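Novice: Below, each chain spelled out in residue letters.
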Amino acid sequence: MAIAIRRVTKRFGDFVAVDNVSLAIASGSLTALLGPSGSGKSTLLRIVAGLEHPDEGDVSIHGEDATGLPPQERGVGFVFQHYAAFKHMSVRDNVAFALKIRKRPREEIRDRVGELLRLVQLEGLANRYPSQLSGGQRQRMALARALAAEPRVLLLDEPFGALDARVRKELRAWLRRLHEEVPVTTVLVTHDQEEAMDVADRVAVMNEGRVEQTGKPRDLYEHPANEFVMSFVGPAHRLGEAWIRPHDLEVRQEPNGTSTEAMVERVVHLGFEVRAELVLEDGRRVSAQVTRNEADELELREGQIVFVRPSRTHVFSAVATPPGHS
Amino acid sequence: MAARLGLRFAALGYLAGLLAFPVGLVFWRTFEDGLGPVWNAATNPEALHALWLTVLIALIAVPANTIFGVVCALVIVRDRFHGKTLLNALVDLPFALSPVIIGLALYLVYARTGWFGGWLVDHGITVIFALPGMILATIFVSLPFVVRETVPVLREIGTEQEEAAWTLGASPLTAFFRVTLPAIRWGVTYGIVLTTARAIGEFGAVSIVSGSIAGRTETLTLHVQQRFQGFDLTGAYTASVELALLALITLLLMTLLRKETPVGDSDSPGDEALR
Chain A
1 MAIAIRRVTK
11 RFGDFVAVDN
21 VSLAIASGSL
31 TALLGPSGSG
41 KSTLLRIVAG
51 LEHPDEGDVS
61 IHGEDATGLP
71 PQERGVGFVF
81 QHYAAFKHMS
91 VRDNVAFALK
101 IRKRPREEIR
111 DRVGELLRLV
121 QLEGLANRYP
131 SQLSGGQRQR
141 MALARALAAE
151 PRVLLLDEPF
161 GALDARVRKE
171 LRAWLRRLHE
181 EVPVTTVLVT
191 HDQEEAMDVA
201 DRVAVMNEGR
211 VEQTGKPRDL
221 YEHPANEFVM
231 SFVGPAHRLG
241 EAWIRPHDLE
251 VRQEPNGTST
261 EAMVERVVHL
271 GFEVRAELVL
281 EDGRRVSAQV
291 TRNEADELEL
301 REGQIVFVRP
311 SRTHVFSAVA
321 TPPGHS
Chain B
1 MAARLGLRFA
11 ALGYLAGLLA
21 FPVGLVFWRT
31 FEDGLGPVWN
41 AATNPEALHA
51 LWLTVLIALI
61 AVPANTIFGV
71 VCALVIVRDR
81 FHGKTLLNAL
91 VDLPFALSPV
101 IIGLALYLVY
111 ARTGWFGGWL
121 VDHGITVIFA
131 LPGMILATIF
141 VSLPFVVRET
151 VPVLREIGTE
161 QEEAAWTLGA
171 SPLTAFFRVT
181 LPAIRWGVTY
191 GIVLTTARAI
201 GEFGAVSIVS
211 GSIAGRTETL
221 TLHVQQRFQG
231 FDLTGAYTAS
241 VELALLALIT
251 LLLMTLLRKE
261 TPVGDSDSPG
271 DEALR
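Chains as they are written, first to last, in our numbering: chain A, 1 to 326; chain B, 1 to 275.
Derived from the structure by calculation, the hints contain no laboratory data.
Some clues are possibly wrong.
Claimed, not checked - Residues from chain A that face chain B, not an exhaustive set, calculated with beta carbons under 7 Å:
1) 49
2) 51
3) 53
4) 72
5) 78
6) 86
7) 97
8) 101
9) 149
10) 217
As the list claims (entries may be wrong) - If you want the ones that stay clear, here's a sample from chain B, every Cβ over 12 Å from chain A, calculated:
11) 6
12) 10
13) 24
14) 33
15) 36
16) 38
17) 82
18) 108
19) 112
20) 181
21) 250
22) 252
No experiment lies behind these values; they were computed from the predicted model shown.
Built from N, CA and C at the ideal position, the CB exists for glycine as well.
When you get a sec, could you build the whole thing from the sequences and use the hints?
Specialist: As structure tokens, then:
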């Protein structure tokens, strides 16, 4: 295990930010800590980096107990949401910082910085200052800076959170490729479930300071452990005792045994997919996701009466164990 | 348009009438009778000593207040403890108190008959009517500037850059000198300029603790007053011009330092305070 977190608790006054969390992160993996704001994911990441100290529990990095180590001695690279660029230094000096601190020979620094700038596609901008870069460029510079000292673990705290949607998507794909090229164990904190599913090979879902479930993105989506994971990882609706995903709702023009009558309130075209927002007989609202072809066949339009039947539901017992599937 | 022009003239007129005109008049009156009398007044031993004393006191008080000011700003911004409000209020005390009261307070503590002065005199240290007292008084009156200019800049940069430096292997001290200090340098510089101006111009507190002994404990400001009261107007004007020149040199040094900073760094937080 690259990182082992054991029974870690962190309180800020009366607020329990991280509540008895245990988590193991495999070497070479790209793990996402996914959760809403205030779920403790950033605090947990900062504890791994040594920027916060846990009240209880311990953290080990590559088998070595790191709980008492200062951030300088943990061999971690950390990337902040707002870049934390050294504004008074050029891009080159930012990236060279860790190497200069370690007093490496001048030629080695020059070569390594050149190599890193190529890796993050900033070769031409070495003499610029952070204020002359776009947000995406600044974050790539911050990544190169964090990679310079060859960290054993790379920690990314909402790295794309301050960027606009298009740049965010580009950087996600780029990060995925970078991880294949430089397979350093990476932990990414995000509140964006799509980002977590897209980038990470494992996801730990956090809520109110606890880890709700850990698994591959697909497992979390298809076999959520409880109602929180069901509703946070992907869209979900509650129908009575059961939970349902919008694409698991069959829409027909004719009634069919167990189906329920619904009125189409709104039709939203999302490119390949079409989302129909429906009002059921009893006034509850659900949405159904169908392909464009299906929508055309159904001739979906506002005010239309359709018949819906869930093809798959998830039922969770009150104790949140174990997940049931129909 | 007319309204804006009116405002502009009002602002300029106010500054010209209240500041530029009287200061300009000093320069004009100084050189009224040519350079000869000015040179004589400037090079007489008492005037030279006063100039040296003013520079010496500034050279000690300004670095002292710069170091204290940055440390104090770090404590105010980064630390959480009971009594922080009190510390914050104490820093502003020299702004609130008249310098004369500060001089009297120092006198009460350090004079031969004061609380502490007797013991010091027994150990061969004279504070009042001597250089140490004048330095203490100057440090006291010019203490808040660096703190007040540094606190907002420090607050604005936050702790992320410093934390980033730690994770990159920099010790807390290295991180401070290579990352935090450069990031707050314009706030600190502006504080230094204000501290210097205040230290050079200090009159009230120093006049009480120094005793104004010509050629021994007389700074330039005290020298101006002595000459003025002795009807030596040329002497008073000359010393005034020297004071003004010292202030100009400080401002000039700061402008030169600013020019040497990289272009791309123009959005560093401290700039706001200087524009």
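Novice: Take the hints in turn and mark each one as holding or not.
Specialist: These are the hints, each one checked on the structure:
no.	hint	in the structure
1	49	6 Å, holds
2	51	5 Å, holds
3	53	13 Å, violated
4	72	5 Å, holds
5	78	4 Å, holds
6	86	6 Å, holds
7	97	5 Å, holds
8	101	5 Å, holds
9	149	6 Å, holds
10	217	28 Å, violated
11	6	38 Å, holds
12	10	37 Å, holds
13	24	39 Å, holds
14	33	51 Å, holds
15	36	50 Å, holds
16	38	44 Å, holds
17	82	15 Å, holds
18	108	44 Å, holds
19	112	51 Å, holds
20	181	10 Å, violated
21	250	23 Å, holds
22	252	23 Å, holds
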